[in-house]
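These protein sequence lines map, in sequence, to chains A and B. Count along the first sequence from 1, then add 137; that gives the number in the numbering used here. Count along the second sequence from 1, then add 13; that gives the number in the numbering used here.
By construction, these hints were calculated from the structure, which means they are not laboratory data. Please note that a few of the clues may not be correct.
To be verified - Chain B residues, not near chain A, derived (Cβ > 12 Å throughout):
{"id": "1", "residue": "Gly129"}
{"id": "2", "residue": "Asp226"}
{"id": "3", "residue": "Arg290"}
Claimed, not checked - Straight-line distance between alpha carbons at most 30 Å, and here's what the computed DSSO-like set of lysine-lysine pairs gives:
{"id": "4", "chain 1": "B", "residue 1": "Lys281", "chain 2": "A", "residue 2": "Lys399"}
{"id": "5", "chain 1": "A", "residue 1": "Lys521", "chain 2": "B", "residue 2": "Lys230"}
{"id": "6", "chain 1": "A", "residue 1": "Lys298", "chain 2": "B", "residue 2": "Lys281"}
{"id": "7", "chain 1": "A", "residue 1": "Lys399", "chain 2": "A", "residue 2": "Lys309"}
{"id": "8", "chain 1": "A", "residue 1": "Lys399", "chain 2": "A", "residue 2": "Lys521"}
{"id": "9", "chain 1": "A", "residue 1": "Lys280", "chain 2": "A", "residue 2": "Lys309"}
{"id": "10", "chain 1": "B", "residue 1": "Lys281", "chain 2": "A", "residue 2": "Lys321"}
{"id": "11", "chain 1": "A", "residue 1": "Lys321", "chain 2": "A", "residue 2": "Lys521"}
{"id": "12", "chain 1": "A", "residue 1": "Lys321", "chain 2": "A", "residue 2": "Lys309"}
Unchecked claim - If you anchor each label on the Cβ, the simulated ranges turn out as follows:
{"id": "13", "chain 1": "B", "residue 1": "Ser26", "chain 2": "A", "residue 2": "Thr446", "range": "56 to 62 Å"}
{"id": "14", "chain 1": "A", "residue 1": "Ala302", "chain 2": "B", "residue 2": "Thr57", "range": "50 to 56 Å"}
{"id": "15", "chain 1": "A", "residue 1": "Pro473", "chain 2": "B", "residue 2": "Asp136", "range": "30 to 36 Å"}
{"id": "16", "chain 1": "A", "residue 1": "Ala368", "chain 2": "B", "residue 2": "Val288", "range": "55 to 61 Å"}
{"id": "17", "chain 1": "A", "residue 1": "Asn519", "chain 2": "B", "residue 2": "Ile22", "range": "46 to 52 Å"}
{"id": "18", "chain 1": "B", "residue 1": "Ser272", "chain 2": "A", "residue 2": "Thr410", "range": "39 to 45 Å"}
By construction, the Cβ of each residue, glycine as well, lies at the ideal position given by its N, Cα and C atoms.
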Amino acid sequence: MSDLFSLLSVGSNAMAAQNSGISIATNNVANANTEGYSRQRLGDVSSGQPVRIQDNLLSGQIQTAAGSLAMSQAFAEALSALEGGVAGGGATIDEQIGALFSKVGQAAAAPTDSASRDAVVAAARALVGGIQRRAAEVSEARKAADTRIRDNATQATALAKQLAAANTAVAKSGDPAALDQRDKIAKHLGELVGGKARIDHDGQMRFVLDGGAVLVDGTHPATLAATTDPATGVARVEVVNGAARRDVTAAIGGGKIGADLKFRDQNVAQAATKLDQVAFDITTSLNAVHTANAGLDGVSGRPMFTPQTQVAGAASSIAVDPALAADSKLLALAAPGTGAGNNAGALALFSVATQKVASGGTSTLGDAALDIVSSVAVAGSNAKGDVTRDGLVSDNLAGLRDSLSGVDTQEELTNLARFEHASTAMAKFVSTIDGMLGSLIDNL
Amino acid sequence: MRITGNRMIDLASASTTKNQATVGTVSAQLTSGMRVTTPSDDPTAWLAAQRTKMRQALSQGSGAAVTTSRERLEVSDNSLASMGDIVSQIRTLAVQGASDTYNANNRAGLGAEVQGLFQAALDNANAQGNDGEFLFGGSASTTPPFDAAGVYHGDANVRSVPSNASLTTAVTISGASLTAAQGVDVMPLLSRIATALSNNDMPTLLAALPDLDTAVKQISLARSQGGAAMNALDQTTAARTVLEQDMTAAISRYVEVDSVAAASDLAKASQSLEVSRAVSSHIISVLAPST
Numbered sequence: 138m139s140d141l142f143s144l145l146s147v148g149s150n151a152m153a154a155q156n157s158g159i160s161i162a163t164n165n166v167a168n169a170n171t172e173g174y175s176r177q178r179l180g181d182v183s184s185g186q187p188v189r190i191q192d193n194l195l196s197g198q199i200q201t202a203a204g205s206l207a208m209s210q211a212f213a214e215a216l217s218a219l220e221g222g223v224a225g226g227g228a229t230i231d232e233q234i235g236a237l238f239s240k241v242g243q244a245a246a247a248p249t250d251s252a253s254r255d256a257v258v259a260a261a262r263a264l265v266g267g268i269q270r271r272a273a274e275v276s277e278a279r280k281a282a283d284t285r286i287r288d289n290a291t292q293a294t295a296l297a298k299q300l301a302a303a304n305t306a307v308a309k310s311g312d313p314a315a316l317d318q319r320d321k322i323a324k325h326l327g328e329l330v331g332g333k334a335r336i337d338h339d340g341q342m343r344f345v346l347d348g349g350a351v352l353v354d355g356t357h358p359a360t361l362a363a364t365t366d367p368a369t370g371v372a373r374v375e376v377v378n379g380a381a382r383r384d385v386t387a388a389i390g391g392g393k394i395g396a397d398l399k400f401r402d403q404n405v406a407q408a409a410t411k412l413d414q415v416a417f418d419i420t421t422s423l424n425a426v427h428t429a430n431a432g433l434d435g436v437s438g439r440p441m442f443t444p445q446t447q448v449a450g451a452a453s454s455i456a457v458d459p460a461l462a463a464d465s466k467l468l469a470l471a472a473p474g475t476g477a478g479n480n481a482g483a484l485a486l487f488s489v490a491t492q493k494v495a496s497g498g499t500s501t502l503g504d505a506a507l508d509i510v511s512s513v514a515v516a517g518s519n520a521k522g523d524v525t526r527d528g529l530v531s532d533n534l535a536g537l538r539d540s541l542s543g544v545d546t547q548e549e550l551t552n553l554a555r556f557e558h559a560s561t562a563m564a565k566f567v568s569t570i571d572g573m574l575g576s577l578i579d580n581l
Numbered sequence: 014m015r016i017t018g019n020r021m022i023d024l025a026s027a028s029t030t031k032n033q034a035t036v037g038t039v040s041a042q043l044t045s046g047m048r049v050t051t052p053s054d055d056p057t058a059w060l061a062a063q064r065t066k067m068r069q070a071l072s073q074g075s076g077a078a079v080t081t082s083r084e085r086l087e088v089s090d091n092s093l094a095s096m097g098d099i100v101s102q103i104r105t106l107a108v109q110g111a112s113d114t115y116n117a118n119n120r121a122g123l124g125a126e127v128q129g130l131f132q133a134a135l136d137n138a139n140a141q142g143n144d145g146e147f148l149f150g151g152s153a154s155t156t157p158p159f160d161a162a163g164v165y166h167g168d169a170n171v172r173s174v175p176s177n178a179s180l181t182t183a184v185t186i187s188g189a190s191l192t193a194a195q196g197v198d199v200m201p202l203l204s205r206i207a208t209a210l211s212n213n214d215m216p217t218l219l220a221a222l223p224d225l226d227t228a229v230k231q232i233s234l235a236r237s238q239g240g241a242a243m244n245a246l247d248q249t250t251a252a253r254t255v256l257e258q259d260m261t262a263a264i265s266r267y268v269e270v271d272s273v274a275a276a277s278d279l280a281k282a283s284q285s286l287e288v289s290r291a292v293s294s295h296i297i298s299v300l301a302p303s304t
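With the rest of the complex left out, here is chain A (with noise of 0.2 Å):
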């Protein structure tokens, strides 16, 4: 009768057990299409608690190739957004300069020809707006990059509290979902910063910027502060610790923080000093030949354009002198002390444009501007390329993770089925035994 007594509880705590696997297999199926979910096995049959199937090296590769994806993307989309405001939207600079030599050409066959000399003077105008234009659109392109900077730093620490919380939370029941949780949390926060996420021999998440700086040691969040750095105006980003504070500005190299500084602080900053020198170059250069030559009025030592003292700030600054925009006849066409129909000044300036002016006399004027796009476009061009590497990186990483973790509904379904099978097998055998012992007792 004892061995009937453990039959009873042999059968009773296996149909706990496939009880326990129908409500695994049932929770695989609910959470088929939950982003981030691991599916679940039955692990310790006396216990019944499900076990995750993940293997925390691929998580580990996952997150690090989100960093990097999200960072390609970011990167290629600010390149995108630059290129159109150096580019996009009209005559570029170098067209425009092009177009200024055309006209001082055609002006050097009708000197005295007010028509001529108005369409250099518009010429004139219409590049200084377009310099102008662009240097508006780079430093656009900074502030915004500014301000992403800015909102994803706030963002991360909000993400990085949810680790910590994660962490709290794991620490207390190791609940599959609550690891499946803290995964999705670390990706996330990895697409925003790179960085890595190492689970240590305690079962805690911490979370590691490129450099050094811990964001999450365990159940203790860390802030990602963004502030304005006093010498540049722009945003500095540090790691706060309590009193303890380090700028990692530098040392983030992944996510989209890391994209925005890399773009803010690379590319829009050479950029905008191409176009600085661009202007400086356009001006310093045009003006030795115009004040050399003389206008319809047979005086020279007039500028083309308003002097400039130094390069930085040059493109935002560049301006038709202000006598000569408002009167073509002062445009130096002529050699000093000759008629009005003199042209020697307008050759000068024509040669201009094959002259190595530029850049400390290494290119062109239309050399220098072209460079301006072209660099933004091969670095664009290139970001493109790592949006489709890190992509299919990060599918490849998901193809193996869904054949880990991921749920094939067939497969629930039939495990659904087998442990609904055995769970009735159970209940007959208890039903059985029962009966068995209700007819020892009853003879009793």
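With chain A's structure known, arrange chain B on it following the hints.
What follows is chain B alone, placed relative to chain A:
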């Protein structure tokens, strides 16, 4: 490798999306006719196209200068031709007036006629272009180069224009070529003959006759210089026309779409899209739970 149903659907969906994007891209290229719509589509081709456009702009500037100058040279040549005819007529009348068969009254009549021809020659010497610039004044081209007496007040400056990016060509004829610097002062000579005839001044008239031959040669020389300049400009125009056509073709090759190749790409991409859609439908139907 374990493949879940969701993975199969994701793979089919990604393939369809990729093929749709390809169809979209090729369709946009065919519609716009452009292969390179933004610099990053093909930075090398874009850069090459833009450099060619810069050379084209400079060439067009030179071209406009050459066209304007060619038109002015024609006007100048016509004026010189008229002056040549006038000087020849005056020479005929002067020879007549120098004849012993003419008396003072006859010579006075010839003088009036020569005076009228002198005025016509003066008008031609002070010819202007469409913009009002005086064609024979050298660089002093905003005021009439020859005064009422035919004295030249311009300079010897000859204007050159860029015939291409690196060369210039002389395109004006200075009125100095009609002065004593090149032979005789042609206009005052004509005025002197008119006065001599009117005043029956035979010594002055006879002394001027040889100078008329020189004047004819001076005008002829000026015309030939103008003609040579026009020929030079015509040659540069012909060369530049070919060059600009080559540039336009080059730009087209760099950034425009090859319609035939693109149409073929569109057909292939469309076919791939149809296949991926069919595969997606099939996978979804296979994975649908049976009722």
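Here is how each hint holds up against the structure:
no. : hint                            : verdict
1   : Gly129                          : 30 Å, holds
2   : Asp226                          : 31 Å, holds
3   : Arg290                          : 20 Å, holds
4   : B/Lys281 x A/Lys399             : 39 Å, violated
5   : A/Lys521 x B/Lys230             : 73 Å, violated
6   : A/Lys298 x B/Lys281             : 51 Å, violated
7   : A/Lys399 x A/Lys309             : 40 Å, violated
8   : A/Lys399 x A/Lys521             : 16 Å, holds
9   : A/Lys280 x A/Lys309             : 44 Å, violated
10  : B/Lys281 x A/Lys321             : 40 Å, violated
11  : A/Lys321 x A/Lys521             : 26 Å, holds
12  : A/Lys321 x A/Lys309             : 19 Å, holds
13  : B/Ser26 x A/Thr446: 56 to 62 Å  : 60 Å, holds
14  : A/Ala302 x B/Thr57: 50 to 56 Å  : 51 Å, holds
15  : A/Pro473 x B/Asp136: 30 to 36 Å : 32 Å, holds
16  : A/Ala368 x B/Val288: 55 to 61 Å : 58 Å, holds
17  : A/Asn519 x B/Ile22: 46 to 52 Å  : 32 Å, violated
18  : B/Ser272 x A/Thr410: 39 to 45 Å : 41 Å, holds
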